[in-house]
Every structure is written in structure tokens, then in C-alpha cells.
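A.B. asks: Next come the chains, spelled out residue by residue.
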Amino acid sequence: MTTMNFSEAIDDALAQAMSEDPRIILFGEDVPMLRRNLLVRFGPKRVRATPISESAFLGAGVAAAMAGLRPVVELYMVDFLGVSMDALLNQASKLETFSGGKWTAPVVVRAPCGGGYGDGGQHEQSLWGWLAHIPGLTVIVPSTPEDAGGLMYAALQHDGPVVFLEHKLLSETFLEFLGSGGRLTVQFDVPAEGRRGPVPHKWKPLPIGKAVLRREGRDVTLASLGVGVHRALEAAEFLEKDGVSASVLDLRTVSPLDKTALCEAVARTGNLLVVDEDYEGFGLSGELSAVVLEAGISCKYARVCTQTTIPYARKMEDQVLPNVNRIRTTAMTLL
Amino acid sequence: MTTMNFSEAIDDALAQAMSEDPRIILFGEDVPMLRRNLLVRFGPKRVRATPISESAFLGAGVAAAMAGLRPVVELYMVDFLGVSMDALLNQASKLETFSGGKWTAPVVVRAPCGGGYGDGGQHEQSLWGWLAHIPGLTVIVPSTPEDAGGLMYAALQHDGPVVFLEHKLLSETFLEFLGSGGRLTVQFDVPAEGRRGPVPHKWKPLPIGKAVLRREGRDVTLASLGVGVHRALEAAEFLEKDGVSASVLDLRTVSPLDKTALCEAVARTGNLLVVDEDYEGFGLSGELSAVVLEAGISCKYARVCTQTTIPYARKMEDQVLPNVNRIRTTAMTLL
Amino acid sequence: MDLWLLYSLMKKSRLFEEAVTQLWEDGLISGEMHLGTGEEAIIAGVVSQLCPGDAMAVDHRGSAAFLMRGVDPTLLLHEMLGHEDGLCGGQGGHMHLFSKEHLAATSGIIGAVGPAALGFALAAQTLRPGSIAVAFFGEGAMNQGMLMESINLAALWNLPVLFVCKDDGWAITTQPGESTKSGMGERACGLGVPYVGVDGLDVEQVWQATRQAIERARSGNGPTFLHAHCVHLEGHFLGLILLRITRAPLRELPGIVGALIRSFMHPGGGSLRERIAGVRYILSSILATWRDPRRYSTNDPLERVQTALVSNPARLKELDSRIEAEISSALASAQQEVVA
Amino acid sequence: MDLWLLYSLMKKSRLFEEAVTQLWEDGLISGEMHLGTGEEAIIAGVVSQLCPGDAMAVDHRGSAAFLMRGVDPTLLLHEMLGHEDGLCGGQGGHMHLFSKEHLAATSGIIGAVGPAALGFALAAQTLRPGSIAVAFFGEGAMNQGMLMESINLAALWNLPVLFVCKDDGWAITTQPGESTKSGMGERACGLGVPYVGVDGLDVEQVWQATRQAIERARSGNGPTFLHAHCVHLEGHFLGLILLRITRAPLRELPGIVGALIRSFMHPGGGSLRERIAGVRYILSSILATWRDPRRYSTNDPLERVQTALVSNPARLKELDSRIEAEISSALASAQQEVVA
Ligand SMILES: Cc1ncc(C[n+]2csc(CCOP(=O)(O)OP(=O)(O)O)c2C)c(N)n1
Ligand SMILES: Cc1ncc(C[n+]2csc(CCOP(=O)(O)OP(=O)(O)O)c2C)c(N)n1
Ligand SMILES: [Mg+2]
Ligand SMILES: [Mg+2]
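Chains as they are written, first to last, in the numbering used here: chain G, 2 to 336; chain U, 2 to 336; chain P, 2 to 341; chain A, 2 to 341.
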């Protein structure tokens, strides 16, 4: 087993897939520079720069997928879907139904998401629950290099539109490009297991829609994804010291949601704490409670999410994003 | 008490507000023709047509509100937020936080929503839960002419951005403009109490964020909004015959959500059935279960929502949208 | 250029849409209905030159393009009636028609044809060199950002796209003077794409201009912007209020005028001058509809091309009856299923 | 035109941004940091002519415009450090600066200044006749649909807007040839707005052109598009990789080149020709950065205007030290709070 950084693993899986499947092309703003390692291996026809025209090139990715390519369209950040949401809301997601099941758009939208490095509320959103609300979209949010590569590889074989979100705190490249920019004077709270980890020699697709239990526990189930998983794991260590045994479920994909794994995990502990960096209301955290209730499982429930626009100041930001302390104290209220 | 049609009541409240407050202006595609009665009273400076440039004019509405006007921006349908979401996602909703609480954008975005008349999935979405996910937006979905006028009047006095959604099935004008188009050969399942009803002589603001109990019942609480309220009321009549006593809660505003009213209503019956025309996953229906669970109320829970892209064919559409029969049979499963 | 072929495409489309109108009037088609009657010369002039592997991105007026591209009229009619054996299983309807086989897609979102044609052309450039993509849209769509973005990007990437602007002078009830500051030629130039203007009522002109543009695209010389004027004989969609007023003023006006007068007289509001300006706006929209060239049959592209063919009345008659038979049988099949 | 005033605005902005750079280097400012160093002549030439009631919509490079408009440098610095007593309570940061008092707003979303200026101008037209709105944006933003839509609409509604395109030839690492097919003059013309091109390094030129455009706007004659070239001396943002490479190749290149070579040599992938084309792209970006005019001090707008003022060295010196004192005190105040 080798180890790789998070984004390195994604790019590696992408490279393997690109060498196997000539239909895969990449485009987005500054992509030749951001994916320069792919550029020098696959050439500028398959790794393209675009103007700042998200609506045009995201929509083009959808249509190119309909016409036989397998485009990976990169957005600088998921926040910029604001200007280009139509391609996902009204085109990609609806094609399969509209065509009577006869046509799909196998496009992968790759976008950095999440906060914790001080860019502020227009550049640090998560939006995965928001995207999953739309029927017809697959939404993936990995938390480790191995999952990131394996799920990217799976996304590239998936038959419909996939939004692949890459948490910025896990992506050393991105953080270096944007946040630290070469200085050594700033530090972010980057979870080590997410940043770098073991990866297989050859990528195989991981199943889309399967959660994984990262930690077994008896008293409370912490359900999360992305960076939240690592925060939850850290909180679980503290809780252990407090005499509370917590299990941590990594959802890995938001849509489709692994309802079975969730219900099993909650049934075992009787307590569900959702750790969700996306906005609290009307999103993933609520959905998890509905799934559990619909299954007739009775449980106590709480959530640690982002409740407001993310403020710029690092200190305030740390309070607004789900942090270990909030998880720990909220978990205690359930018991 | 006079009676009015649903949109007539909204326009009437708008007219009253416009005559009281010269800062209110209206714009959107075809608005001079759609709001022609306002045009001939307030003139073309205050009732303007726009090009098909939703991003530009919606964003302009936000900024005009920042600079002292009180714009009502109309979208042809809420679905068209796809091309113009940035104005709400990243500008209007975030201004108050970003400015340290010093600046807000009192813009009202008025948009028809909902289905049931055969336009298909790109033109019949509800999206209220999707919008409410974004912190900083107020989302209003009235179900009667009286509420519609009173809440529009309140929206025009509100200090932040408001999305005011007007269900197309309740809006005779809109339905006539788009759906029936002058022929008498089509019929839609329009709830009578929503379409026309009593209104006050002079409009006063209704409180934003207050639900109302439309029907008292002992066995199950049906929580809904918009056309769903009428479907729930109709289902409640049937349930009564089945020996089940249902209460119906009309949420009226999605965000802020009247958590108190919800929890009280659910605590009384111990059963919550959400009737939500918006998409099922990761939205309003899940949020309601979370609110109840967070309050420590134990209940049985089910939901009748829109699970997929809305198909065109009227028959299929009727099955996909929450209908009386689905509400009735789902309610029975809770008991 | 085979004028007989073009005529037959146009005629077929016209008859098909007359059938659709009938079904719509009978209440068998729900929701909105946008027809292409009046723009047939543009669609025929372009679509008749497409080859296998070429793709089409079409706006809310999809029937004509789909039909002329070879999609079975019965499948289309069944789709509009919402039957499970329709083109899209009844799930799409007239604004959401899709044929993978023909690489043809519609969207009811104004401007979405831009990104779609861009993507189709990108796939063509990579997978099917020599193939092209066409985008059909109205003049109103030219103010939708994503369409402008797409034209620039197509030009930049030298993609094989034909952007076809069907300018009917209306976006529902809004006229170009209220929406677009620049001329269309300047707009195209500002987006970096060569502009060609033609009379969209004249199928020969459209065909000629298209031939050159398509040749450019096929041989790797990039996109062209084709600007063609036309009239939509049935207005924006069936039952459009402005058209209803001009066609049956006695029936339609009373309800409208009463409310207008009450509102105009209502205390509180604008000055008399502002109010009169409001009234003027409405009157001028109605007058513009009244005086609209759509009312003159000389502006019917089908009649125009027919004039060129009457010299061979026998062939024309035979052709007409063949097309009539085809459409009638599609209509019969559709209606049969309604009864069943 | 008071060249001394313009100089002092530019100098103040430069010193302020040097202070920001220091705080950023020290890790006291988190996240991205976009400076306006190099575009000061454009900002000064425009902002110096704004009056109370005028509004500004500013992009991700907000400090210069805010500062020159009269926002307290201490408030700004405190904001960037995330202090609760900053301009926005520490909640906005440098990309989300807001001053209601000055009707000045920024957005980190490229192109959002278009709709914002449109709305500000609409409010001006209605509530404060004679007032105007300014939008500042880069050449890259001109491909964002909402900006194009906004220019058309401002022209159509004859709104008092000055659209200021600060063309530095880069959008992060992308050059105009990769993003925009038409020339900027054609683009403006295609959106129906008069175009004026100026040398953005020359504050006098900017001032003159702006004066006319603003007069047009104030007197109800609609918007103008001002196109001004400039260089961003510090690149897109602090720590930009391309600039780091050219400034410290020995430190930066090894890490980058190793991975590139491994990938270039990796079996499976493009032909040698394609791979070489990929390498070429990267080399040419680095070379373009190397050769970038930003490296010549003749392209520093501040030095240019200074040259015109050295004839009065005493006044210059006094002015400089007054500005230095102001900025130092703001910096001291900011740093003090960090310590506390
Ligand atoms: C994004 C979006 N905005 C608004 C609409 C509503 N709408 C449907 S058709 C239309 C007018 C289109 O005008 P034009 O592009 O000129 O085409 P035409 O109908 O005249 O052929 C509008 C505004 C829409 N479908 N999508
Ligand atoms: C909608 C959107 N897309 C992408 C970005 C990322 N981004 C930030 S600045 C920038 C480049 C802007 O270039 P230009 O407009 O020329 O301004 P400059 O930075 O050169 O002054 C990009 C792509 C963004 N902030 N918003
Ligand atoms: Mg038109
Ligand atoms: Mg630039």
C-alpha cells in the first residue's frame, strides 16, 4: 500500500480512468494549471481552460455527456453553482425522467467545498444537502484519500450526473493554492487521516451509496461526512474519556443515502447526533431524522451543523462550523 | 367582508402598499401585461418590463433594495431561479451577516410555484424547502387569499429578502394565462377555498413565521402549506369517515418556521404526517421531523411529498404530487 | 436544394401543428403549447441539411424541428397526449422532447440551448469530426447570460455550431425594443461569432445561408450566427391573451377593461400622466398585435414556397395528400388511444 | 483635476496594501488576499469624482476603492484581521466589505458587480436623480453572463452607471486569449453601451475619460463602458504560484517539476505530441509571467504620477509623510489588538 494526499488520490484515480477511457475530458477555470500533472500526460485537448462562464461550460458538460463524452467539469468552488445552477437543477437531473428513461448525462461535476481557512461565507459553503434535494443528482462527499479516489473512479463509470465534492481542508493543493499561498505562518485545523492516507495500487470503483462505520460504539451514533467525520472521531475520543461510547458513521454519499446503514447504526445506540457542515435547516440533518423515524426507530436526536452564513473571522468561523467541542457537549445532552 | 381571488388579493395588498410607500417598484418579464391593473394606476416607471435576464434583474432588485427602494421582483416561475440563484444564495441572504448586521436588502421576490396543470418538471417545482435551506432568506407560501394578501403586505414591510411563492393552482390569472389559455375544455383540481375567499377591506400585515391550525383533530397532525393544505383538509374529511380525527396545520411560512405551533400540534396527536409538494429528500419534510425530535417529542412520522422529477402526463403528475388518496392511505399506516 | 423536399417538411410540420392545435383546443393536451407555425422555413432550411451524427438543441418550440429531423409524428403526438408509448413515455411533454437516436434535445429554460449546443459540438469535435450542432432560439433568449456565454465559448473553441436566432419580434408580450439595446449583428460581433442575416420567411434564403455556415462548421472553421426574421402565426402560445383580444375583442375585452378602468380611477397612486402612460403601454401592445404582419398571409412561409411550386399542380396535390394521410393517421392513432 | 489629490489617494492605497501584505505574510490574515496594487490609477481616477449619494459595486479587490471613497483605514484593517470592531464586525473580510454609509458593496462572486450597479443606479434614478453607480471588475468577468445581461439592461434603461473594466490581462492563471473571442470594444458595442478605452496606468487619462462618462450619466444620458489596462504588481492574489515560481524558482520549481516529469513520462495517456503541448502550455504561462510588464517599474502608476509631482519635492515629502503616518497608525492599532 502506498499513501497519497487527498487530491492526489483523486487525480490519480482520474488519471487511471482517463488512460482507460478516451471519452473522459476535463475542463474548468484554470484547470490546465490546477491539474497540470494531468495536462502534461493527456494534453491540452483533454484538459482545457474555460472563461469565467460557469453556466455555459457546466451546461456544456451535461450536453457533452449526453452526446457520448464523459466530462469532468470543475468549478472553482461549489458556491459558484449560484450562477450556474440551471444545468443541474433543470437539465442534468431531469433528463432521465424527461426522456422516459432513455437518455442520461454521465457528467461529473467536481468542486471544492467547505470552510475552516478564512475565506468567508461566499466561498466556504458545503451545499451537499441542498444539491441532494434535487431528484436525479448523485452527491458524493468523501473523507479519506482512499474513498476519494475510489469514489471518483466510480463516479466516472456512473450513468447519471454526479456532484463530487472535495473538502478544501482535506485538499493540500487547494489550500496551498488559495489559503496559505506559500507562507508558513498560517495553520488550519486539518485532520491528518483525511489529508493523507493509504490508497490501493490500482483503483477500483467503490460502491456509490454505501456508508461505512468508522468507529463502533454503544451509546450514541455520530453520523457525518467529509471533514465532519474526522471531527466526530476526535470528539468520540474525548467522549470515551467521559465514559461515553460513540460510533461514527461516515455517509460518504449524500444521495443516494445509505438508509440501511444509518438505521442499523442508530438502532444499536438509540441516539443520533448528526454532524453536518452544511446548513442546518431543511437539509441533510433533517433528512436523517426523517429516515430513522420513517423506519419506526425511536431515538433521541440532536445535530451540530452550520446555522448561519459563515463569518470571515477565523475565531467566529470555528464556532459556526461544527467543531469537536460542540459535538462533544451536544452528545452529552442526549445521554 | 369582500371576497377576492388569490392573486387578486395579492395584487390588492400590493396596490395598497404601493400607494402608501412610493419606494415600492415592480419589475420582471411581461410584468406590465401581467400586472396591468397596477400599471394603469401606478404608471410604467413603477411597473416595468425586463428582458429575459433573470440574473441581472434579480440581482438588481437586491441592490436597489440596499440603496433604498423596496422592489418586488417577479420571476415567471420559481424554477427559473436556476439561472439566477446567485442573487439569493450569495448576495441577498448573506448581506446582513457580511455587513456585521448593518445592512439588509428588503427585496420581495414573487414567483409562481407548484404543479397540477401539465407543464412538466421544469416548470412545476415548489423549491420552498430548497430556498429555506439558505440562512437569511424568508420564505412564504400562503394557502388562502386572506393570508396571501396579508403576508404580501407584511413582506413589503420586512427588513430582509423575502421569497413569496404563489401556487399556480390557486392563481386563476396565472392558470388562465398559461394553462387553460381561454379554452373551456381543461379542468384542474383547484381547491375552492384557496382560489377565492374573504379578505379584509384594508390590508394589515400578518405576522411572518406563524402557522395556523386549520382543523382540530385528535389522532394525527397533517402539516402542510400551499395547495397541500387543501389536499390535507380534503383527506381529513375522508379520514373522519374512516374514524380518524386529523388536525391540519398550515405552516404559511417555511422560514422562519413556527416550531412552537408544530411541536404543540404534534404533541397533541402523537403522529405527524407531512404533506409537502416540494421534493421529499433533504427538505421541509425532513426538517419537521428534526424539529419535533429535537424538542424531545416522540411521535410516529410519515410523509407524502414529491419524490421524483414531475412527469408531464396529467395522470402521472397526479400520482407524483401529493394527492388526497396518498395522504389518506399514508395517514392510516401511522395509526 | 430540393424545394419539393423543403416544402414537404414545412407542410408536414404545419399539418402536424394543426392537429396539435385541435387536440389542445379539445383539452386533450394540458398546460402551455408553443407552436412553430410561421417559423417552418427557418427550421426546414436548417434541419434538411443535417446528417446522421449531427445534434440539435431546441427551445420551447420543439415539434417542427423534431418532426423534420425524422422523429415519428405518432410518437410525438402520443407524447403530447401524455401516453406511455409517446416519444418520452409521456413524461416530457412538448417542452421536454428528447430523442437520443437523433441527438435532439429540447429545454423549456430560455437560453439553455446555448450550453447544450456547445456540449454537443464539443462531443462532435472529439468523437465525430465533421459533425455539427445546431441551436434554435428566439430573439428574447439573446439576453439570457448563458446563451451569450455559450456563443463566446463556441467561437473561442472554434466549435462546429450553428446558432439560429428565430426573431419573431416578441418574447411573450415583450418586444425587442424593451429588451435588447444593441442590434443583433452587433451582439453577435460582440460575442466573436460571424453574423448572417436572412429573411426567415424565405426557405431558399435560409437554406443557402445555412449551407455555407454548415460547411464552415463541418470543415473546422467554427460557429456562425444566423439571424432570421419570422412571424409566429399563432402568437407566443395557444390562447395568448393579446391574440385573443384582437381575434375576439367583444368576448375578451369586457372582463379586462372593467378591471383596468377601476384601477385607473382608483384614488392613491401615480399622477394622471403616469396612469395614462400605463394605459398607452397596454393599448400599444394590443395595436402592435393587431397590426402584426402575422395577419397577412403573404407572411406565411408555407404559402410563399407553395407559390414557387404551383407550376406543377399534380405533383403538389399528390404530395399534399400523402402528407395529409400521414398526419391524419398519426392523429387518428392518438385519438384512438384517448378513447381507449 | 487635482493631481496632488489623486496622488495622495493612490499613495494611501499603496501603503495600506503594503501593510495588508505584511499582516498576511505574518499569517494574521487568513484565506485569500487580492490586492489592488497596480490598478490605483483607475480607482483613483474614478472614485475621486464620486459625490455623496453615489454608489459603488466592487469586486474581490475592494480595499483601494473603499479606502479612496473615505472608509477609515483602521476599520478596514481591523476587518481584515477579523476583529469585532472592524468595518463589518469581522464577519465580511476583504472580499465582503460593505459600507451602507458610502453605498459601497463588494462581492467575491465574479460578475455580481453588474447586477449590483444596475440596482444601485435604478435606486439613484428614482430616489436621488443626478447620482450614479460605478461597477469595478476585471476583463475576466466580462464572460460572466450576469455582467453582460446587466450592461444591456443598464443601457436599455438608460441608467447612470459607469462600468469600469480593469484589464490586467489575467484571470488568475488564464489569459484573455483563452477566454474572450471578441475585442472589448466590440463586446461593449454588442451590449449597447458606449465604449471608451484609456491607459489605466495614467491617472490623468482615467480622470478625463471618467469625467465625461460621469457627466453623461448624471445628466441622464445613460451608462458608459470604460476599458482601462493595468498590471497587478502582486499577481492575482498574494502567493500566486506563477509569481512565486518566477520570484523564487529555485525554491518553488523542484516540487512542481518532479511531479510534472513523473506524469509526463507515465505510460498510458496522450501521444508525445499532446504531452509536449501540455508542457508548452505551462512553460508559456510561466514565461508570460516572467515577461509580464508588471516587472518594470515604468508600469507602476504610482511612480508615473509621482514623476509629475517631483518638481515640488517639499510638498511631496510632506504629503508622503502625512499618509505614512496615517497608515502606520492604522497598522499599529490593528497590531495592538492582535497582541491584546
Ligand atoms: C429562464 C427562463 N425565463 C423565462 C421563461 C419564460 N418564457 C418562456 S418563453 C419566453 C419568451 C421567449 O422569447 P423568445 O426567446 O423570443 O422565443 P419565442 O417564444 O419568441 O419564440 C419566456 C420569457 C423561461 N421559460 N425560462
Ligand atoms: C462566479 C465565480 N467564478 C469563479 C470565481 C473564482 N475567481 C475569483 S477571481 C477570478 C478571476 C477574475 O479575473 P478578472 O475578472 O480579470 O479580475 P482580476 O482578478 O484579474 O482583477 C476567478 C475565476 C469566482 N470568485 N466567482
Ligand atoms: Mg421571440
Ligand atoms: Mg483580470
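Just so you know, not all the hints are guaranteed correct.
What the hints assert, rightly or not - Derived lysine-lysine pairs resembling DSS-like cross-links, with alpha carbons at most 25 angstroms apart:
(1) U:Lys301 to G:Lys103
(2) A:Lys318 to U:Lys103
(3) G:Lys260 to G:Lys211
(4) U:Lys301 to G:Lys301
(5) G:Lys205 to G:Lys242
(6) G:Lys316 to U:Lys103
By construction, these hints were calculated from the structure, which means they are not laboratory data.
A.B. asks: Indicate, hint by hint, whether the structure satisfies it.
C.D. replies: For each hint, the structure was consulted:
1. U:Lys301 to G:Lys103: violated, 39 angstroms
2. A:Lys318 to U:Lys103: violated, 39 angstroms
3. G:Lys260 to G:Lys211: holds, 9 angstroms
4. U:Lys301 to G:Lys301: holds, 13 angstroms
5. G:Lys205 to G:Lys242: It is violated: about 38 angstroms lies between the C-alpha atoms, which goes past 25 angstroms.
6. G:Lys316 to U:Lys103: Judged against 25 angstroms, a Cα distance of about 20 angstroms means the pair holds.
This entry does not satisfy hints 1, 2 and 5, going by the numbered hints stated previously.
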